[in-house]
Amino acid sequence: MSDSRKKVLAGIFMFIGFLALVAAFANKVSKINEATENLYQHPFIVSNSVQKIKTNLLQSQVLFHSIVESDFL
Numbered sequence: 012m013s014d015s016r017k018k019v020l021a022g023i024f025m026f027i028g029f030l031a032l033v034a035a036f037a038n039k040v041s042k043i044n045e046a047t048e049n050l051y052q053h054p055f056i057v058s059n060s061v062q063k064i065k066t067n068l069l070q071s072q073v074l075f076h077s078i079v080e081s082d083f084l
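Take 12 as the starting number for the sequence shown in the numbering used here and just add one per residue.
Read the hints as simulated data drawn from the structure, not as lab findings.
Here the structure is a predicted model, which is why all the values come from computation and not from measurement.
Each pair of labels, with its calculated beta carbon distance range:
| no. | residue 1 | residue 2 | range |
| --- | --- | --- | --- |
| 1 | Glu-48 | Val-73 | 29 to 39 Å |
| 2 | Ile-56 | Ile-23 | 41 to 51 Å |
| 3 | Asn-67 | Phe-26 | 57 to 67 Å |
Backbone N, C-alpha and C define an ideal beta-carbon position, used for all residues, glycine too.
Given only the sequences and the hints, what does the whole structure look like? Please build it.
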């Protein structure tokens, strides 16, 4: 195999290796982005869920009081 052919093959392998590194880097950045998004959204999800629970409890309490105070029973 000639010297120039070895250099071409080495260049091709280096390029493929570089592409593999770029793909791995892009994958890691994507995972970090997803984790950051989850950290940002989590407090809002919890807060909204707690607010819904509070609203449902208050509605249940109002309904219970109206049932207790009604003359239906």
